[in-house]
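2 protein chains.
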Amino acid sequence: MSKSEHQLAKEHARNKKIIDTAFKVFVEKKIEAVSMGEIAQAAGIGRATLFRCYAGKTELVIAVCAAKWKEYLDELDERRPISSVGDIPAIGRFIFTLDSYIDMYRNHKELLVYNDNFNYYVTHEGVSDDELKEFRASLISADTRFDMMYEKAKEDKTFRTDIPQDEFMRVTVHTMMAACTHYAGGFIWGAEWNKDYTPELLLLKEMILNYVKC
Amino acid sequence: MSKSEHQLAKEHARNKKIIDTAFKVFVEKKIEAVSMGEIAQAAGIGRATLFRCYAGKTELVIAVCAAKWKEYLDELDERRPISSVGDIPAIGRFIFTLDSYIDMYRNHKELLVYNDNFNYYVTHEGVSDDELKEFRASLISADTRFDMMYEKAKEDKTFRTDIPQDEFMRVTVHTMMAACTHYAGGFIWGAEWNKDYTPELLLLKEMILNYVKC
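Protein sequences appear in the order of chains G and U. According to the working numbering, the residues represented by the first sequence are 1 to 214, in order. According to the working numbering, the residues represented by the second sequence are 1 to 214, in order.
Please note that a few of the clues may not be correct.
The list treats identical chains as interchangeable, and a pair is accepted whether it falls inside one copy or across any two copies.
Listed below are the simulated EDC-like cross-link pairs for lysine to aspartate or glutamate, each with C-alpha atoms no more than 20 Å apart in a straight line [what the hints assert, rightly or not]:
1) 3 / 143
2) 205 / 32
3) 133 / 99
4) 10 / 20
5) 29 / 125
6) 57 / 28
7) 29 / 77
8) 213 / 162
9) 24 / 151
10) 154 / 74
11) 195 / 167
12) 17 / 38
13) 157 / 147
14) 213 / 103
15) 205 / 167
16) 195 / 129
17) 205 / 166
18) 10 / 74
19) 29 / 59
20) 57 / 32
21) 195 / 125
22) 195 / 166
Hints listed in this document are in silico derivations from the structure and should not be mistaken for laboratory results.
Just chain G, with the same shape it has in the complex (with noise of 0.2 Å):
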């Protein structure tokens, strides 16, 4: 017998209600601090259904990473959808990206957060590539992104090659990153608190930008 779609509609509701929970506090407290129980309590659901619902701590950190990374990354498709860049230089999908972190610094600090201490929890718990098969997928838009991307650079030579393109990537791209992430942390030694980091994201993708065009 196949649920109703009432049944499923609720459901839903109480999935993203625990989602969106659970990223919250894990956020504010940090994943290592947070039992499954402080979970449940401030989702208002008992203890038994969020372990029926998850079987456990890191299937739940996955599927809060898997579900927020796709939020974001929907809203970007939305914004410039995947079939509208092909005829856009590679340049042009480069700085895309190095303005969607800046975006993101500005707009989702608590992305940037949760995902660095998503690494970190991940790194330390020892979570297998199986167990990440759900958050691959919430990044294959992404990655497909960035692939796309270098193909379009080796053609239209709008930015630099010779670097291999995971090590291009991370030179570039994920230094964007570590520095949003780094700013949207909070604390900055030697500057006054909750300081807006904008310009100096501004010169460091100058940089970046100064470093790849060829």
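Got chain G; can you put chain U on it based on the hints?
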């Protein structure tokens, strides 16, 4: 009545044991997830003794950060005493600074990881400037060097000084530190586990040097 030398040596050893143990446990589990009781147990002392040394977790967290940075900076100072830098061109000092972060990535990953967690923790606990005084003192040698370096560059013009000093340091040195922290954290999306990211950091160094050279 002053304490005997024996007594002082004993206190010093106990204090070092507390700091080293707390550092190790904080790095492994994240500061947020660790209680004072856990630290006391791991250090093999009573909870009351720990609280006699440090009034609370925040005090301990700051003391650990100050001690570990001091340890590291003293090591750097030995390699290049502050009295010897007078004749080195500003760009030489700048390169030494970038290299010292790469060295930290290679040999002191835990300090980068702790420092990152520390920044987040003090932001979210709302630690006052007054409480951070000890920490500031531990970084004085680094700050002095940066000031001296930037002043030197204004004279010898071996790197650009058109960007104000604070902003310049954040765009260059902070970016290098953020990237080193990113790679020290462990899990990097799309790469095999425990990869050595020194090649990426050397390219980043090149990128920064291209940008700052006059």
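So, going through the hints one by one against the coordinates:
In this assembly of identical chains, residue 3 and residue 143 lie within 20 Å of each other by CA distance neither inside one copy nor across copies; the values are 35 Å within and 64 Å between. Within a single copy, residue 205 and residue 32 get their C-alpha atoms no closer than 33 Å, and across copies no closer than 33 Å, so neither meets the 20 Å cut-off. When the C-alpha separation of residue 133 and residue 99 is checked against a cutoff of 20 Å, the pair qualifies neither within a copy, at 28 Å, nor between copies, at 37 Å. Taking the closest pair of Cα atoms, residue 10 and residue 20 come within 20 Å of each other only inside a single copy of the chain (15 Å); across copies the shortest separation is 50 Å, beyond that limit.
For a Cα distance limit of 20 Å, the shortest separation of residue 29 from residue 125 qualifies both inside one copy, at 18 Å, and across copies, at 10 Å. In this assembly of identical chains, the alpha carbons of residue 57 and residue 28 lie at most 20 Å apart whether taken from the same copy (16 Å) or from different copies (18 Å). For the identical chains of this complex, residue 29 and residue 77 are neighbours neither inside a copy (31 Å) nor across copies (36 Å), given an alpha-carbon limit of 20 Å. In this assembly of identical chains, residue 213 and residue 162 lie within 20 Å of each other by CA distance solely inside one copy; the values are 11 Å within and 22 Å between copies.
With identical chains, the CA atoms of residue 24 and residue 151 are never at most 20 Å apart, being 38 Å at best within one copy and 44 Å at best between copies. When the C-alpha separation of residue 154 and residue 74 is checked against a cutoff of 20 Å, the pair qualifies neither within a copy, at 27 Å, nor between copies, at 47 Å. In this assembly of identical chains, residue 195 and residue 167 lie within 20 Å of each other by CA distance solely across copies; the values are 12 Å between and 32 Å within a copy. Taking the closest pair of Cα atoms, residue 17 and residue 38 come within 20 Å of each other only inside a single copy of the chain (14 Å); across copies the shortest separation is 33 Å, beyond that limit.
Taking the closest pair of Cα atoms, residue 157 and residue 147 come within 20 Å of each other only inside a single copy of the chain (15 Å); across copies the shortest separation is 41 Å, beyond that limit. When the C-alpha separation of residue 213 and residue 103 is checked against a cutoff of 20 Å, the pair qualifies neither within a copy, at 22 Å, nor between copies, at 29 Å. Taking CA atoms no more than 20 Å apart as the test, residue 205 paired with residue 167 passes in both settings, with 18 Å inside one copy and 14 Å between copies. With identical chains, the CA atoms of residue 195 and residue 129 are at most 20 Å apart between copies only, with a shortest distance of 16 Å across copies and 38 Å within one.
With identical chains, the CA atoms of residue 205 and residue 166 are at most 20 Å apart both within one copy (19 Å) and between copies (17 Å). In this assembly of identical chains, the alpha carbons of residue 10 and residue 74 never lie at most 20 Å apart, being 23 Å within a copy and 60 Å across copies at closest. In this homomeric assembly, residue 29 and residue 59 come within 20 Å of each other (Cα to Cα) both inside a single copy, at 18 Å, and across copies, at 19 Å. Both within a single protomer and between protomers do residue 57 and residue 32 lie at most 20 Å apart by alpha-carbon distance, with minima of 10 Å and 17 Å respectively.
Within a single copy, residue 195 and residue 125 get their C-alpha atoms only as close as 34 Å, which misses the 20 Å cut-off; across copies the closest is 17 Å, which meets it. With identical chains, the CA atoms of residue 195 and residue 166 are at most 20 Å apart between copies only, with a shortest distance of 12 Å across copies and 33 Å within one.
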